[in-house]
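S.K.: Residues per chain are reported as follows:
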Amino acid sequence: MSTVVKTVNLVKIYQDGAVPVPAVRGVDLQVEPGEFVAIMGPSGSGKSTLVHMLGGLDTRTSGEIWLDGKRVDTLSESAWALLRRKRIGFVFQFFNLVANMTVGDNVELPALLSGASPKVARERRESLLAALNLTDRAEAAPAQLSGGEQQRVALARALANEPSLLLADEPTGNLDSRNTRDVLRLLGEVHKEGQTIVMVTHDARVASLADRLVSLFDGEIVDDGRIARRRTRTAGEVIDLR
Amino acid sequence: MRPHLLALLAKEPAHGYELKQALEQTFGSAYPSPNIGQIYVTLGRLEKDGLIRVVDVEQSNRPNKKVYYLTAKGREVLEAWVDEPTEGPRVRDEFFMKLVLAPLTGIADRMALISRQRRHYLSLMSDLNDILARTPDTDRVAMLLIEGAMLHLQADLDWLERCQEDLA
Numbered sequence: 003m004s005t006v007v008k009t010v011n012l013v014k015i016y017q018d019g020a021v022p023v024p025a026v027r028g029v030d031l032q033v034e035p036g037e038f039v040a041i042m043g044p045s046g047s048g049k050s051t052l053v054h055m056l057g058g059l060d061t062r063t064s065g066e067i068w069l070d071g072k073r074v075d076t077l078s079e080s081a082w083a084l085l086r087r088k089r090i091g092f093v094f095q096f097f098n099l100v101a102n103m104t105v106g107d108n109v110e111l112p113a114l115l116s117g118a119s120p121k122v123a124r125e126r127r128e129s130l131l132a133a134l135n136l137t138d139r140a141e142a143a144p145a146q147l148s149g150g151e152q153q154r155v156a157l158a159r160a161l162a163n164e165p166s167l168l169l170a171d172e173p174t175g176n177l178d179s180r181n182t183r184d185v186l187r188l189l190g191e192v193h194k195e196g197q198t199i200v201m202v203t204h205d206a207r208v209a210s211l212a213d214r215l216v217s218l219f220d221g222e223i224v225d226d227g228r229i230a231r232r233r234t235r236t237a238g239e240v241i242d243l244r
Numbered sequence: 002m003r004p005h006l007l008a009l010l011a012k013e014p015a016h017g018y019e020l021k022q023a024l025e026q027t028f029g030s031a032y033p034s035p036n037i038g039q040i041y042v043t044l045g046r047l048e049k050d051g052l053i054r055v056v057d058v059e060q061s062n063r064p065n066k067k068v069y070y071l072t073a074k075g076r077e078v079l080e081a082w083v084d085e086p087t088e089g090p091r092v093r094d095e096f097f098m099k100l101v102l103a104p105l106t107g108i109a110d111r112m113a114l115i116s117r118q119r120r121h122y123l124s125l126m127s128d129l130n131d132i133l134a135r136t137p138d139t140d141r142v143a144m145l146l147i148e149g150a151m152l153h154l155q156a157d158l159d160w161l162e163r164c165q166e167d168l169a
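Chains as they are written, first to last, in the working numbering: chain F, 3 to 244; chain W, 2 to 169.
Since the hints were derived computationally from the structure, they do not count as laboratory data. Glycine included, C-beta positions come from ideal geometry on N, C-alpha and C. Hints should not be assumed to be uniformly reliable.
Stated by the list, open to error - Capping the alpha-carbon separation at 20 Å, the derived lysine to aspartate or glutamate pairs in DMTMM-like fashion look like this:
no.	chain 1	residue 1	chain 2	residue 2
1	F	121	F	75
2	W	12	W	80
3	W	67	W	131
4	F	194	W	128
5	W	12	W	88
6	F	194	W	80
7	W	99	F	225
8	W	74	W	85
9	F	88	F	138
To be verified - With beta-carbon atoms standing in for the labels, derived distance ranges:
no.	chain 1	residue 1	chain 2	residue 2	range
10	W	83	F	16	48 to 58 Å
11	F	220	W	12	49 to 59 Å
12	F	220	W	148	31 to 41 Å
Only chain F is shown next, with the shape it has when bound in the complex (with noise of 0.2 Å):
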């Protein structure tokens, strides 16, 4: 399998008057097949305006763009649109659901939309419902879930498509603690079925499931390594607070 995602020296340049403000300066960065990537640092760091570009959501001033071995940062915004159908999952803090859709449809659009069959699409839409616990509100309307609800359906519709990449940008914003931990278990379970995840998150929880942590600084690459794992924990485990 090839190399999920790419960038190639990727700049961002915005304009606030007359005067340029640079996001994101010159970042190279790959992921692999199966990666879970964080991605932190201080707001105003690029982290958004990242995503953003890799989901086709934001034009790069320069640099380029890979997904799966095909460039497609020089990509029409109609091509775009498709690739994003087939290829792509998003999640963001504020979750965009089709407000006059039901909560399962709205799972199950994406699937239909990137090609599956209605019985697959059907199928994965039970199966996102359950593991999100959300089965018995998949008749309600989005406007009568709760916000962590909404969060969670969200996440459910940017795995419908069973995407190559996963791309999000503070999921778990604005998450009770019972709701992220719902989202945090459907996290690793994707994430051990092989999803490719690439998430912009302050929340440690989150991000300390994942294997890379990336940091963003005034718009760079100032670290990127990986997050150790220590398993050889036995009984007696004693948490000290200091």
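We have chain F already, so just place chain W on it with the hints.
M.R.: Showing chain W alone in chain F's frame:
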């Protein structure tokens, strides 16, 4: 461990092994499994300080059992412990000292220190996630302790980010 034993003895007199069991039952996996030797050493000191007394209880076919009970002085010490505000979790931070002093030494730059520390915190968080996953829901005390540790770690990470913004 002194005030913990005093608190258990305030409930009812007990012998050493009962205290060990009471600690284990109350705290579940949130407490280091107490060493019985250490409990007896602590009980000896508490007795010497007049905070507890010991009586020998005769048992048929077995050696006498030492049962400990709280004295009035012991209760005073316990009440003082409960009443005084507890120190916050952080009075000094080793990492912060490194961060501030590092540039003077020329040994490491701040950005590298912060990045390494951030990954270390996430690795600790990943351990906590594992422990939490293995802790039964019924062990409320342990769950709360783990949650507390996670919140502290989150605060450490947020603080690290502030340090990065201002110092690096």
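S.K.: Would you mind marking each hint as holding or not holding in the structure?
M.R.: Outcome of the hint check:
For a cut-off of 20 Å, the pair hint linking residue 121 of chain F to residue 75 of chain F is broken: about 34 Å separates their Cα positions. For the suggested pair residue 12 of chain W and residue 80 of chain W, the alpha carbons sit about 13 Å apart, so the restraint of at most 20 Å is met. With a C-alpha separation of about 41 Å, the suggested pairing of residue 67 of chain W with residue 131 of chain W is violated against the 20 Å cut-off. At roughly 17 Å between alpha-carbon atoms, residue 194 of chain F and residue 128 of chain W fall within 20 Å of each other, so this suggested pair holds.
Annotation: proposed proximity of residue 12 of chain W to residue 88 of chain W is violated, straight-line Cα distance about 25 Å (limit 20 Å). For the proposed pair residue 194 of chain F and residue 80 of chain W, the alpha carbon gap of about 51 Å is over 20 Å, so the pair is violated. For the hint linking residue 99 of chain W to residue 225 of chain F, the alpha-carbon distance of about 19 Å falls within 20 Å, and the restraint holds. Of the supplied pair hints, the one linking residue 74 of chain W and residue 85 of chain W holds, its CA atoms being roughly 17 Å apart against a limit of 20 Å.
The straight-line distance between the Cα atoms of residue 88 of chain F and residue 138 of chain F is roughly 28 Å, outside the 20 Å bound, and the hint therefore fails. Against the hinted window of 48 to 58 Å, the Cβ-Cβ separation of residue 83 of chain W and residue 16 of chain F comes to about 57 Å, which satisfies the hint. Separation of residue 220 of chain F from residue 12 of chain W is about 58 Å and conforms to the stated range, judged on CB atoms against 49 to 59 Å. The hinted range of 31 to 41 Å is satisfied by residue 220 of chain F and residue 148 of chain W, whose Cβ atoms lie roughly 34 Å apart.
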